[in-house]
Amino acid sequence: MTNDLVVIGIGQALRGDDGAGLAAVRVWQQTYPGSASRSNVRVELAELPGIGLLSLLEGTRAAILVDAVRSGGLPGTVHILSEADLSNPHASSASAHGWGVAETLALGRQLSPQHMPGSIQLIGIEAGEIGMGEAISPPVAEALTKAASKIEQAVCQALA
Amino acid sequence: MNQNIEIPALARVEGEGALYVRLKDGAVSEIELNIYEPPRFFEGFLQGRHFQEVPDITARICGICPVAYQMSSVQALEAAMGVSISPQARALRRLLYCAEYIESHALHIYMLQAPDLVGHESVISLAGEAPELVKKALRLKKTGNQLLSAIGGRSVHPVNACVGGFYRWPDRQSIYNLLPDLRWALQASLETVEWAITLNYPQFEQNYEFVALTHPDEYAIYDGEVLSSSGTQINHTAFEKHYLETHVRHSNALHSHSAAGTTYFVGPLARLNLNFAQLRPIAQQAAQKINLQLPLRNPYMSLLARAIELVEVCDLAIELVEAYQPAGESRISFEPRAGEGCGVSEAPRGLLYHRYIVDEHGMVRFARITPPTAQNFAQMEADLWALAPSAIQLPQEEASLAFEHLLRSYDPCISCSTHFLKLTVERS
Chain A
1 MTNDLVVIGI GQALRGDDGA GLAAVRVWQQ TYPGSASRSN VRVELAELPG
51 IGLLSLLEGT RAAILVDAVR SGGLPGTVHI LSEADLSNPH ASSASAHGWG
101 VAETLALGRQ LSPQHMPGSI QLIGIEAGEI GMGEAISPPV AEALTKAASK
151 IEQAVCQALA
Chain B
1001 MNQNIEIPAL ARVEGEGALY VRLKDGAVSE IELNIYEPPR FFEGFLQGRH
1051 FQEVPDITAR ICGICPVAYQ MSSVQALEAA MGVSISPQAR ALRRLLYCAE
1101 YIESHALHIY MLQAPDLVGH ESVISLAGEA PELVKKALRL KKTGNQLLSA
1151 IGGRSVHPVN ACVGGFYRWP DRQSIYNLLP DLRWALQASL ETVEWAITLN
1201 YPQFEQNYEF VALTHPDEYA IYDGEVLSSS GTQINHTAFE KHYLETHVRH
1251 SNALHSHSAA GTTYFVGPLA RLNLNFAQLR PIAQQAAQKI NLQLPLRNPY
1301 MSLLARAIEL VEVCDLAIEL VEAYQPAGES RISFEPRAGE GCGVSEAPRG
1351 LLYHRYIVDE HGMVRFARIT PPTAQNFAQM EADLWALAPS AIQLPQEEAS
1401 LAFEHLLRSY DPCISCSTHF LKLTVERS
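Top line first, the protein sequences correspond to chains A and B.
With the working numbering, letter number 57 in the first sequence gets 57, and the count goes up by one each step, no holes.
With the working numbering, letter number 214 in the second sequence gets 1214, and the count goes up by one each step, no holes.
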């Protein structure tokens, strides 16, 4: 499956703001259907991909990952991060299965760099509430439009 | 070591958990395994839901073992409403379970436990030294996920299994196309067994009561009766009478004991020790080739049991794929009726029990989910106490690692629900 670009929303829809990445990708698909339906763009909604993220990244030139993050900032803050930002020693992930995005990308680069996209960008949405069965909290819900426009910018940039 | 140990977040353990070991006058005074456990939330969340939503909701308890939650829940609900599935649907469910075992065992053997046994901090550093080994692990895991996706529609939270069978039969060719990968996976599993026996397992033998499902005709994964190494064998409907859950102050999770008050141990060691005779010939031969002596009473050697089970499920998956000929309705049609039923299956981490009460409209009125890790908590704490006298003689960091390593050998699935990237934004 070769595409120029893959856009991957990551998160657990049943845990409040943890699902912000999935929700932002859906908003982007609805707001920018022209971009989202391009034949050279693949869209994945991956709840808990773990190490399976590597399979989702295979065969693409560029990737945009959209995920909830926690940096201590205000809920709803949208962060634009490069892959290098993720290798920052302060960015460790508390992932289910011990496999966060940062570790998975590092493993992929180390083992099979030829199968990894040339560029990977992460759009992180600062999470607030993560209660089981909760909806996305108001400040994060409000930020989804902005996150979607950041996805669109990143998509245009990647395809330019 | 002369300080308390606090491991606020356990690395390479699935989900959220913390361990506290407190010392007083040079001796261990307190050990707490603190657990955040989502199945309790799901028990409440399921009340008032339609029965057919249950398998898809419970699948989301775990990203690694969603099939187990589906298989125990559909069987419990089928029992509650008096539904019998077709032999074909049962075979496809067994195949779906094989897919989950392949991806879950490959992950735990190579990515989560092996780094401890070969002295690496993580699989990333292991990959630097042994890239081919880690590539093999990734390919094995991918094979499992592809089979999961071919049957369940998605590689993480499959959606096809339902009460009564499956929503649709997977396309025969798409299942068949996986045969070359599964044949490769069988060979890779046999190699995994031979590699696993070369690892240095810490000396730590305990007298456990092992509990696992058992089935007269097959190595029990999908269903069976509940067998204990103490000699008792019960129908699964009597499970809650024999295995009790109690609340302990320091944990959100309930802790299980047998009715006699003993701790017990579920999971791959229990299955292998209790059901070796039902393993397929190729898996038995793999065990004999490495001169495996049963029973295994060392929790670190769960890795060996998982490796032998990998052989079992790869070989079984090949047989089930070759025999797969979908015909007729993929699910039984039935009218919901009021009732109560329970279901059990062997999740990769051990026995998983579900019980539901549904009303005449098929709405869930009560749900009970007893996951394998909750059943093992009390045993894990007992093991930590057994390890403590020697571990606290070690320097602080090594002592922490020793406790973590023991816990990781259990492959605890504490919560599979959050995946936050913890991020420190540094601004200059």
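Since the hints were made in silico from the structure, they are not lab data.
Virtual Cβ for every residue (Gly too), placed ideally from N, Cα, C.
Do not rely on the hints blindly, as some may be mistaken.
What the hints assert, rightly or not - Away from chain A, derived, C-beta distances all over 12 Å, residues of chain B:
{"id": "1", "residue": "Gln1173"}
{"id": "2", "residue": "Ala1260"}
{"id": "3", "residue": "Glu1381"}
Said to hold, decoys possible - In silico lysine to any residue, SDA-like type, Cα no more than 25 Å apart, as pairs:
{"id": "4", "chain 1": "B", "residue 1": "Lys1289", "chain 2": "A", "residue 2": "Arg109"}
{"id": "5", "chain 1": "B", "residue 1": "Lys1135", "chain 2": "A", "residue 2": "Glu58"}
{"id": "6", "chain 1": "B", "residue 1": "Lys1136", "chain 2": "B", "residue 2": "Tyr1167"}
{"id": "7", "chain 1": "B", "residue 1": "Lys1135", "chain 2": "A", "residue 2": "Ile80"}
{"id": "8", "chain 1": "B", "residue 1": "Lys1135", "chain 2": "A", "residue 2": "Ala106"}
{"id": "9", "chain 1": "B", "residue 1": "Lys1136", "chain 2": "A", "residue 2": "Gly118"}
{"id": "10", "chain 1": "B", "residue 1": "Lys1136", "chain 2": "B", "residue 2": "Arg1297"}
{"id": "11", "chain 1": "B", "residue 1": "Lys1135", "chain 2": "A", "residue 2": "Lys146"}
{"id": "12", "chain 1": "B", "residue 1": "Lys1135", "chain 2": "A", "residue 2": "Ser71"}
{"id": "13", "chain 1": "B", "residue 1": "Lys1024", "chain 2": "B", "residue 2": "Glu1340"}
{"id": "14", "chain 1": "B", "residue 1": "Lys1024", "chain 2": "B", "residue 2": "Gln1288"}
{"id": "15", "chain 1": "B", "residue 1": "Lys1135", "chain 2": "A", "residue 2": "Thr31"}
{"id": "16", "chain 1": "B", "residue 1": "Lys1136", "chain 2": "A", "residue 2": "Met116"}
{"id": "17", "chain 1": "B", "residue 1": "Lys1289", "chain 2": "B", "residue 2": "Gln1396"}
{"id": "18", "chain 1": "B", "residue 1": "Lys1136", "chain 2": "A", "residue 2": "Ala106"}
{"id": "19", "chain 1": "B", "residue 1": "Lys1289", "chain 2": "B", "residue 2": "Gln1278"}
{"id": "20", "chain 1": "A", "residue 1": "Lys146", "chain 2": "A", "residue 2": "Ser82"}
{"id": "21", "chain 1": "B", "residue 1": "Lys1136", "chain 2": "A", "residue 2": "Gly131"}
{"id": "22", "chain 1": "B", "residue 1": "Lys1289", "chain 2": "B", "residue 2": "Leu1133"}
{"id": "23", "chain 1": "B", "residue 1": "Lys1136", "chain 2": "A", "residue 2": "Ser71"}
{"id": "24", "chain 1": "B", "residue 1": "Lys1136", "chain 2": "B", "residue 2": "Ser1125"}
{"id": "25", "chain 1": "B", "residue 1": "Lys1136", "chain 2": "A", "residue 2": "Ser82"}
{"id": "26", "chain 1": "A", "residue 1": "Lys146", "chain 2": "A", "residue 2": "Ser71"}
{"id": "27", "chain 1": "B", "residue 1": "Lys1136", "chain 2": "A", "residue 2": "Ile80"}
{"id": "28", "chain 1": "B", "residue 1": "Lys1241", "chain 2": "B", "residue 2": "Leu1117"}
{"id": "29", "chain 1": "B", "residue 1": "Lys1135", "chain 2": "A", "residue 2": "Glu44"}
{"id": "30", "chain 1": "A", "residue 1": "Lys146", "chain 2": "A", "residue 2": "Ile80"}
{"id": "31", "chain 1": "B", "residue 1": "Lys1136", "chain 2": "A", "residue 2": "Lys146"}
{"id": "32", "chain 1": "B", "residue 1": "Lys1135", "chain 2": "B", "residue 2": "Ile1318"}
{"id": "33", "chain 1": "B", "residue 1": "Lys1241", "chain 2": "B", "residue 2": "Asp1223"}
How the hints compare with the structure:
1. The Cβ of Gln1173(B) lies farther than 12 Å from every Cβ of chain A, with a closest approach of about 18 Å, so its non-interface assignment holds.
2. No beta-carbon of chain A is positioned within 12 Å of the beta-carbon of Ala1260(B); the least distance is around 34 Å.
3. Non-interface status of Glu1381(B) relative to chain A is upheld: no Cβ of that chain comes within 12 Å, the nearest being about 21 Å off.
4. As the CA atoms of Lys1289(B) and Arg109(A) are separated by approximately 37 Å, the hinted pair breaks the 25 Å bound.
5. With a CA separation close to 14 Å, the supplied pair Lys1135(B) and Glu58(A) stays within the 25 Å bound.
6. For a cut-off of 25 Å, the pair hint linking Lys1136(B) to Tyr1167(B) is broken: about 33 Å separates their Cα positions.
7. Note on Lys1135(B) and Ile80(A): the hinted pairing is violated, with a Cα-Cα distance of about 31 Å set against a maximum of 25 Å.
8. Straight-line distance between C-alpha atoms of Lys1135(B) and Ala106(A) comes to about 14 Å, which keeps the hinted pair within the 25 Å bound.
9. With a CA separation close to 24 Å, the supplied pair Lys1136(B) and Gly118(A) stays within the 25 Å bound.
10. With a CA separation close to 28 Å, the supplied pair Lys1136(B) and Arg1297(B) exceeds the 25 Å bound.
11. Restraint check for Lys1135(B) and Lys146(A): the C-alpha separation of about 39 Å exceeds 25 Å, so the hint is violated.
12. For the proposed pair Lys1135(B) and Ser71(A), the alpha carbon gap of about 32 Å is over 25 Å, so the pair is violated.
13. Distance restraint check for Lys1024(B) and Glu1340(B): the Cα-Cα separation of roughly 49 Å exceeds the 25 Å cut-off, and the hinted pair is therefore not satisfied.
14. As the CA atoms of Lys1024(B) and Gln1288(B) are separated by approximately 47 Å, the hinted pair breaks the 25 Å bound.
15. The straight-line distance between the Cα atoms of Lys1135(B) and Thr31(A) is roughly 39 Å, outside the 25 Å bound, and the hint therefore fails.
16. For the hint pairing Lys1136(B) with Met116(A), the CA-to-CA distance comes to about 17 Å; that is within 25 Å, so the pair holds.
17. Our distance criterion of 25 Å between C-alpha atoms is broken by Lys1289(B) and Gln1396(B), whose separation comes to about 40 Å.
18. Under the criterion of a C-alpha separation no larger than 25 Å, the hint pairing Lys1136(B) with Ala106(A) is consistent with the structure, at around 17 Å.
19. Simply put, Lys1289(B) and Gln1278(B) have alpha-carbon atoms about 17 Å apart, close enough for the 25 Å limit, and the pair holds.
20. With a C-alpha separation of about 18 Å, the suggested pair Lys146(A) and Ser82(A) falls inside the 25 Å cut-off, and the hint holds.
21. Under the criterion of a C-alpha separation no larger than 25 Å, the hint pairing Lys1136(B) with Gly131(A) is inconsistent with the structure, at around 37 Å.
22. The hinted pair formed by Lys1289(B) and Leu1133(B) meets the criterion: a straight-line CA distance of about 21 Å does not exceed 25 Å.
23. A hinted pair counts as satisfied when its Cα atoms are at most 25 Å apart, and Lys1136(B) with Ser71(A) does not qualify at roughly 35 Å.
24. A distance of roughly 16 Å separates the Cα atoms of Lys1136(B) and Ser1125(B); the hinted pair therefore holds under the 25 Å criterion.
25. Of the pairs offered as hints, the one joining Lys1136(B) and Ser82(A) is violated, with about 29 Å between alpha carbons and a cut-off of 25 Å exceeded.
26. Between the alpha carbons of Lys146(A) and Ser71(A) the distance comes to roughly 18 Å, so the proposed pair stays at or under 25 Å and holds.
27. Pair hint Lys1136(B) plus Ile80(A) does not hold up; C-alpha atoms about 34 Å apart against a cutoff of 25 Å.
28. Proposed proximity of Lys1241(B) and Leu1117(B) is contradicted: the alpha carbons are some 38 Å apart, above 25 Å.
29. Restraint check: the Cα-Cα separation between Lys1135(B) and Glu44(A) comes to about 24 Å, which is no more than 25 Å; the hinted pair holds.
30. Distance hint between Lys146(A) and Ile80(A) is fulfilled; the C-alpha atoms sit about 12 Å from each other, no more than 25 Å.
31. Distance restraint check for Lys1136(B) and Lys146(A): the Cα-Cα separation of roughly 41 Å exceeds the 25 Å cut-off, and the hinted pair is therefore not satisfied.
32. Between the alpha carbons of Lys1135(B) and Ile1318(B) the distance comes to roughly 22 Å, so the proposed pair stays at or under 25 Å and holds.
33. Between the alpha carbons of Lys1241(B) and Asp1223(B) the distance comes to roughly 19 Å, so the proposed pair stays at or under 25 Å and holds.
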